[in-house]
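Once you've looked at the hints, dock chain B against the given chain A.
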Amino acid sequence: MSRKLLLTLAFAAIVTQAFAADYQTNLGPMPLDDETKLVIGGRGEATASSDGKTMTVKGSFHGLLSNATEAHVFISPVCGVPGKAIFDLDVTKATSGTISGNFKLSGAQATALRTGKLYIQINSEKAPEVYPWGPKGNLWGWLFPAHETAGANVPQQDHWFIPQLDTPCAKDAENA
Amino acid sequence: MRNKTILLLGAAIALGALGVAAFGPIAFAQGASGPFTQAQVTAGHEAFDANCAPCHLQDLAGTNDAPALAGAPFMGAWGKRTTAQLYSKIATTMPLGQGGSLSEAQYTAIVAYILGRNGARAGNAAFTPASAVQIDTIANGRAPAGSATVAQNSGRQESAPAAGQAPAQSNFARAMAGQRVADPGAFGLPAKFGLSLEGNIQNYVPVTEAMMVNPPDSDWMMFRRNYQGWSYSPLNQINTGNVGSLQLKWMWSMPENGTMEITPIVHNGVMFVWGTGNTVQALNASTGELLWENRLGPAPRRPGPGPSTEETRSLGLWGNNVYVNTPYGYLYALDARTGKEVWKTHITDELKIPGGNGTMFGGSTGGVIIIKGRVLVGMTNCGRNGDDNHCYISAYDAATGKRDWKFITTALTGQPGGDSWGKLPDNMRKGAETWIAGTYDPELNTTYWGTAQAKPWRRDLRGSGDGATNYANSTLALDPESGKLKWWYQHAPGESLDLDEVFERVLINHGAEKYLLTIGKPGILWKIDRATGKFIAATPTVFNNVYENFDAKTGKVVYRKDIRDQKVDQWLSSCPGPEGGHDWQATSYHQPSDTIIIPLSQSCVFMLGNGSQTYFEMPGTDGNMGRLSAYRAADLKPLWSFQQRAPFLTGVISTAGNVAFVGDFDRVFRAVDVRSGKTLWKTRLATTVQGYPVTFSVDGKQYVAVTTGLGGGSPQLKPGTMLTEVHRPPHGFALYVFGLPDDK
Numbered sequence: 371m372s373r374k375l376l377l378t379l380a381f382a383a384i385v386t387q388a389f390a391a392d393y394q395t396n397l398g399p400m401p402l403d404d405e406t407k408l409v410i411g412g413r414g415e416a417t418a419s420s421d422g423k424t425m426t427v428k429g430s431f432h433g434l435l436s437n438a439t440e441a442h443v444f445i446s447p448v449c450g451v452p453g454k455a456i457f458d459l460d461v462t463k464a465t466s467g468t469i470s471g472n473f474k475l476s477g478a479q480a481t482a483l484r485t486g487k488l489y490i491q492i493n494s495e496k497a498p499e500v501y502p503w504g505p506k507g508n509l510w511g512w513l514f515p516a517h518e519t520a521g522a523n524v525p526q527q528d529h530w531f532i533p534q535l536d537t538p539c540a541k542d543a544e545n546a
Numbered sequence: 016m017r018n019k020t021i022l023l024l025g026a027a028i029a030l031g032a033l034g035v036a037a038f039g040p041i042a043f044a045q046g047a048s049g050p051f052t053q054a055q056v057t058a059g060h061e062a063f064d065a066n067c068a069p070c071h072l073q074d075l076a077g078t079n080d081a082p083a084l085a086g087a088p089f090m091g092a093w094g095k096r097t098t099a100q101l102y103s104k105i106a107t108t109m110p111l112g113q114g115g116s117l118s119e120a121q122y123t124a125i126v127a128y129i130l131g132r133n134g135a136r137a138g139n140a141a142f143t144p145a146s147a148v149q150i151d152t153i154a155n156g157r158a159p160a161g162s163a164t165v166a167q168n169s170g171r172q173e174s175a176p177a178a179g180q181a182p183a184q185s186n187f188a189r190a191m192a193g194q195r196v197a198d199p200g201a202f203g204l205p206a207k208f209g210l211s212l213e214g215n216i217q218n219y220v221p222v223t224e225a226m227m228v229n230p231p232d233s234d235w236m237m238f239r240r241n242y243q244g245w246s247y248s249p250l251n252q253i254n255t256g257n258v259g260s261l262q263l264k265w266m267w268s269m270p271e272n273g274t275m276e277i278t279p280i281v282h283n284g285v286m287f288v289w290g291t292g293n294t295v296q297a298l299n300a301s302t303g304e305l306l307w308e309n310r311l312g313p314a315p316r317r318p319g320p321g322p323s324t325e326e327t328r329s330l331g332l333w334g335n336n337v338y339v340n341t342p343y344g345y346l347y348a349l350d351a352r353t354g355k356e357v358w359k360t361h362i363t364d365e366l367k368i369p370g371g372n373g374t375m376f377g378g379s380t381g382g383v384i385i386i387k388g389r390v391l392v393g394m395t396n397c398g399r400n401g402d403d404n405h406c407y408i409s410a411y412d413a414a415t416g417k418r419d420w421k422f423i424t425t426a427l428t429g430q431p432g433g434d435s436w437g438k439l440p441d442n443m444r445k446g447a448e449t450w451i452a453g454t455y456d457p458e459l460n461t462t463y464w465g466t467a468q469a470k471p472w473r474r475d476l477r478g479s480g481d482g483a484t485n486y487a488n489s490t491l492a493l494d495p496e497s498g499k500l501k502w503w504y505q506h507a508p509g510e511s512l513d514l515d516e517v518f519e520r521v522l523i524n525h526g527a528e529k530y531l532l533t534i535g536k537p538g539i540l541w542k543i544d545r546a547t548g549k550f551i552a553a554t555p556t557v558f559n560n561v562y563e564n565f566d567a568k569t570g571k572v573v574y575r576k577d578i579r580d581q582k583v584d585q586w587l588s589s590c591p592g593p594e595g596g597h598d599w600q601a602t603s604y605h606q607p608s609d610t611i612i613i614p615l616s617q618s619c620v621f622m623l624g625n626g627s628q629t630y631f632e633m634p635g636t637d638g639n640m641g642r643l644s645a646y647r648a649a650d651l652k653p654l655w656s657f658q659q660r661a662p663f664l665t666g667v668i669s670t671a672g673n674v675a676f677v678g679d680f681d682r683v684f685r686a687v688d689v690r691s692g693k694t695l696w697k698t699r700l701a702t703t704v705q706g707y708p709v710t711f712s713v714d715g716k717q718y719v720a721v722t723t724g725l726g727g728g729s730p731q732l733k734p735g736t737m738l739t740e741v742h743r744p745p746h747g748f749a750l751y752v753f754g755l756p757d758d759k
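Top to bottom, those sequences are chains A and B.
Just so we're on the same page, the working numbering is the position in the first sequence counted from 1, plus 370.
Just so we're on the same page, the working numbering is the position in the second sequence counted from 1, plus 15.
Just chain A, with the same shape it has in the complex (with noise of 0.2 Å):
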């Protein structure tokens, strides 16, 4: 086998292990207040698998407290600010359910996934997208590399995550 072969081989492992990593979210209620918190509830998860050219989401959830009504992969400038849809989901037209998808991806759409810049959003019939208060919908979380939780109540040593310390960074990304 010639050097060079090798070396190719070398690097679509590390390139291949690069993009194999998976990826975890807690899916939580959107923004609330008194008068949201009486339309929006529930919890889920999901999680998102990736090569580095496509995506598949899978995940659950529970407890809304209308019938859910789509399911949307939204990218956002930055972890916590609100983005646009990019990809929609299956989604189970219940208060409880699944979503799931399987999409090909662009290189910015990967450095984003990378980037914890990928958050899943779903929507249901009382907390909709045109609801007139601040941002919409009604469970919503951001997907980050996955890692290792605790427990409530359960001390993790040394190590915990903290999504601006943990996630790689865009430059990181695009150098991979």
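Be careful, since some hints might not be right.
Unchecked claim - Straight-line alpha carbon distances no greater than 25 Å define the calculated DSS-like cross-link-like pairs of lysine-lysine that follow:
1) B:Lys-104 x B:Lys-417
2) B:Lys-95 x A:Lys-454
3) A:Lys-506 x B:Lys-438
4) B:Lys-359 x B:Lys-417
5) A:Lys-506 x B:Lys-95
6) B:Lys-501 x A:Lys-496
7) B:Lys-501 x B:Lys-582
Because the hints were derived from the structure by calculation, they are not lab data.
Chain B alone, transformed into the frame defined by chain A:
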């Protein structure tokens, strides 16, 4: 052109903030006719003063977490929305924590009054919840000429009443007169003010400077126990091996209503504690027997939990006196043996709000620190755009109450840092409140204070452009004998999202090196050389998206571009939000293990205009709003951390027994192992565990004390909305004292 725009905007804000003059019947003669009647405006004025003014103020200028309801800030947030949306927002969320507690007639009247105060004109049709008119088509944000700020019979009582005086038309009386409130049983207002029980404490040991520098192991006689602000006790009788058997020794019900986040301080077996209505009590620290009580007054402004402006956080001791700063800006010296008043002064020179019918500028909520016979105290809510008042730290002779010095916490023209406010005139440089008392290094003879952000907190309303607005959101190092500024370090130049850096300054030595550690709402743990003010290190402790760049090597922060370019009608995401990161719940420095233990909160907000907010869970937290984290002070290395759904609403204390104590929003008071974070003991109390725990010993027995209470700003408001599964009684203000089982 830009300067002209700024001046015009500033003038508009000033008009909105200063509001209107004398009251009486209001005749709104400008703007288009609104969907409400003059009768509703009149009724709304009364209802507003009783229910809304305690936080939003009678001139609707707003304060702290309560946004302005008049002028440019209000129109920016609400101009494009409808009157029906305004009604819905108010009726479902207000008064704070008691949404829906007023009648529909009261809510519609309040909306009519707010619209009128923003220039809308009364018409013939009564306002109803369904009346939907875009607000900027009927209001322009300008108060009608000739209207007034204060109702003649508002019932507000800003000044402390004379001893023995009954509270005039108190909230209790209002409730008794039939006003709907969330919890009619939550009234414990005194029948009269003054010294209700005179004490006769024998053998009281006067507090000396030597005691303050080296506090007796048995005592917790100042805010965070020692001058260095450690919240650490050398007591070790209660330790990791026996804390699991901790039991209640005694409890004491505290005055209800208002806000309580107090530190019960202890000296020589006597506990001194502040309660709402400025009720000061001395208790036998081992038995809970009341030794004296002085009801300084006034009563809380409304029933139920109050705002963060209606409290103080710690008392102080010196000689034979106990010192109390009150939320209305008074400073008292009481005789620690009897409770009798020794002297009383007002830290703000009794400045009156123009046209405010006696309403005074300036409060004081952060407790006191006493250094070399001077009582040092900070301020909050001090000065508005266009007037000559500013926030300051001031010092008073502990013996006489005479003011010794004051230091204005905003840099004025010609002062160091004075060029950091753009071209704003001095009377537009506001904020930099000091709502947590400082700490002190006796060796360097320096007192350290944190400051809040400039006001208005949004840079687009402030008019300071990209200016850093010194000395806001800074650490100040002052000479305690002269008030002279030694140095300052600004953590967040040009802050714009209500993210204070005002909290505890913890003084730590590593060998000959002298450091100061602090953490603010953005959640950055800072380490500063306290001799020079030089940046040493910093590390994020929670998710933060408000800084586009944070350089841990230099400490320089750069706000996100959309925050730098913010506009009043734009929703902005802020992680953390105004709950913090970190808030007033102070850290503990466990000196034996060089560990700093930090209560953290994990929530974000969307903010519109000057304070209209919705809240959401911080990304990456799985819905856990509370986090307790430990870092090694030497290198800021993370040691341990745990999360939970409810945020922590007390400071943390730690002991030589390697135990730390902390309480939370959902009524749990717990002990954890300082070395691992593992919970060793917990119990559940009457309502939110809120305040600053302490530990002390009497006759060789160690005790742990903590308060339950309600009221406050974002640390109560955010979880109160977001934790829909948590149900707390709307009362239950109390003091609990725990200890080990008695020997058989």
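Right, here's what the structure says about each hint:
1. B:Lys-104 x B:Lys-417: Between Lys-104 of chain B and Lys-417 of chain B the Cα gap is close to 47 Å, so the pair fails against 25 Å, i.e. violated.
2. B:Lys-95 x A:Lys-454: OK: Lys-95 of chain B and Lys-454 of chain A at ~23 Å, within 25 Å.
3. A:Lys-506 x B:Lys-438: violated, 39 Å
4. B:Lys-359 x B:Lys-417: Given that 25 Å is the threshold and the Cα spacing comes to 10 Å, the pair holds.
5. A:Lys-506 x B:Lys-95: Roughly 17 Å between the alpha carbons, so the hint for Lys-506 of chain A and Lys-95 of chain B holds.
6. B:Lys-501 x A:Lys-496: violated, 57 Å
7. B:Lys-501 x B:Lys-582: Violated. Lys-501 of chain B to Lys-582 of chain B sits at ~36 Å, over the 25 Å cutoff.
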